[in-house]
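**Student:** Numbering (my numbering), first residue to last: 1 to 361.
Rather than coming from a laboratory, the hints here were simulated on the basis of the structure. Every residue, glycine too, gets a C-beta built ideally from N, C-alpha and C. Possibly wrong hints are sitting among the right ones.
[What the hints assert, rightly or not] Okay, the calculated beta carbon distance ranges per label pair:
1) Gly73 to His330: 39 to 47 Å
2) Asn99 to Glu14: 44 to 52 Å
3) Arg280 to Trp16: 42 to 50 Å
4) Asp264 to Asn99: 36 to 44 Å
5) Pro219 to Asp96: 15 to 23 Å
6) Gln45 to Glu166: 20 to 28 Å
7) Gln329 to Ala174: 26 to 34 Å
8) Asp80 to Arg327: 22 to 30 Å
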Amino acid sequence: MIYEPDSHEAPSGEPWDEERVRAGIRTIVGDTEGAFDDGWPDHPQDGEADRLRTLYWGGAGVVDALRRLSSSGLVDLRRDYRPYLERSAEAPPDFDDANAERSLWMGEVGVRLVLQRVAPSTENLARLADLIDANAEAEQQELMWGSPGTILAGRELGLDVSGSVEWLRAQQGADGLWTQDLYGHQRRSIGPAHGFAGCALALGVGDGVSDVLREHAIPEDGLINWPPVADEPLRHGRTQLIRTQWCHGAPGIVSTVGHWLDEDLALGGGELTWHAGPLRKGAGLCHGTAGNGYALLVLFDLTGDEEWLARARVFAMHALAQVDEARAQHGRGRYTLWTGDLGTALYLADCLAASAALPLP
C-alpha cells in the first residue's frame, strides 16, 4: 500500500454547484474580514502563536489571498490592508530562527512581497532586494526558508537573482538532489515545500526533473507516490504515516512540477491522489484537500481531459464542506493562506476558472 487509507475519506458526493462555490468564497472572505483586528487570531490547529504576520500562516498570506480573490471579481473587499502590511513589514519577526527575516514564507520577504503587490514603492523594493541578496546562499536549500523561495520572489519583482540561481545550481548533488540543513537535521527531501521539487521550480528549468523523480518514485498497480526523504521508506518520521499531500507526496509533486514530468509519472501521481480521496486533516493547501486537488487541475491543464476537471471539482465541493464543518466545530474560521480557509477559497476560485494557479510564491 503506497498511501494511508485512514488519512483519507470518501468524497462528500455533493454535485458541483457553481453558485454554492461562489457563495462559499464570499462567506470565507466575509468571515475573514470580520475577524480582522490588526491581524487575525490563531487557530487551535495552528498552535498558539497569535496574530502572525507572515505569508505561510500569517496575515500577509491572508491579505494576498483576499487580493487575488478581489482581482478575480469574486468578492468586493471592505477594507484597505495597506496600513496593516506596512506595520507588519516593520514589526518584529514572527519567529526567532536565525535570519528568519529573509524567509519567503516565514519572514519579512513574504510580507514585503505582498506589500509590493498592493502598493509598489522604490523603498520597499530596495529592502526586498537586500533581503533576497542576503538569502542567496541560505543553508536550508528549500522553498520555505531558503533561496528557492526568495529566487521566486526576486524573479517576480524583476530583480537580478542570477547569483542565487548559480549558487543553488552548484549545490545540486550528482544524483540531482539537494541537501537541506533544516531544524537541526540534514536530509534530502523530495517534495515542494522542503526539497527537490521546490528547488527545481526555483531554477525554472525542467531538464532532468522527471529523471530524478523517476529514481525515487514508488509505483503500485498504476499508482505512484514519492517518499518525503530520498532513500527512506514512505513511512517516515515520528508518525510513521504515509504522506499523500501537497508538502510531501504525489499531489505536491504533480501540482508543482507536473508539467516537467513524463506522462506516466504525472498520471500515476494524479491517479493516486484521486484514488486515495480527500484528506481527513482538513481543507487547506499544504496538507489538505484543496492542495491535493491542484494535482487534478494540473492534469486537466496538461491533458485537456475533462475528467480531471470533474475530479478537481469533486474535491472542491468536499473541501467547501470541510470548511463549513470546521467553522461549526470551532465557532470561527481558520485565517491562513497555506493551512486554512483562504487557500481553500483560492482553490475554489481556480476550479471555477478551470485553471491551476497555486499561490507560489
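**Student:** Look at each hint and say if it fits the structure.
**Tutor:** Okay, the hints, checked on the actual structure:
no. : hint                         : verdict
1   : Gly73 to His330: 39 to 47 Å  : violated (30 Å)
2   : Asn99 to Glu14: 44 to 52 Å   : holds (46 Å)
3   : Arg280 to Trp16: 42 to 50 Å  : violated (22 Å)
4   : Asp264 to Asn99: 36 to 44 Å  : holds (41 Å)
5   : Pro219 to Asp96: 15 to 23 Å  : violated (43 Å)
6   : Gln45 to Glu166: 20 to 28 Å  : violated (40 Å)
7   : Gln329 to Ala174: 26 to 34 Å : violated (49 Å)
8   : Asp80 to Arg327: 22 to 30 Å  : holds (26 Å)
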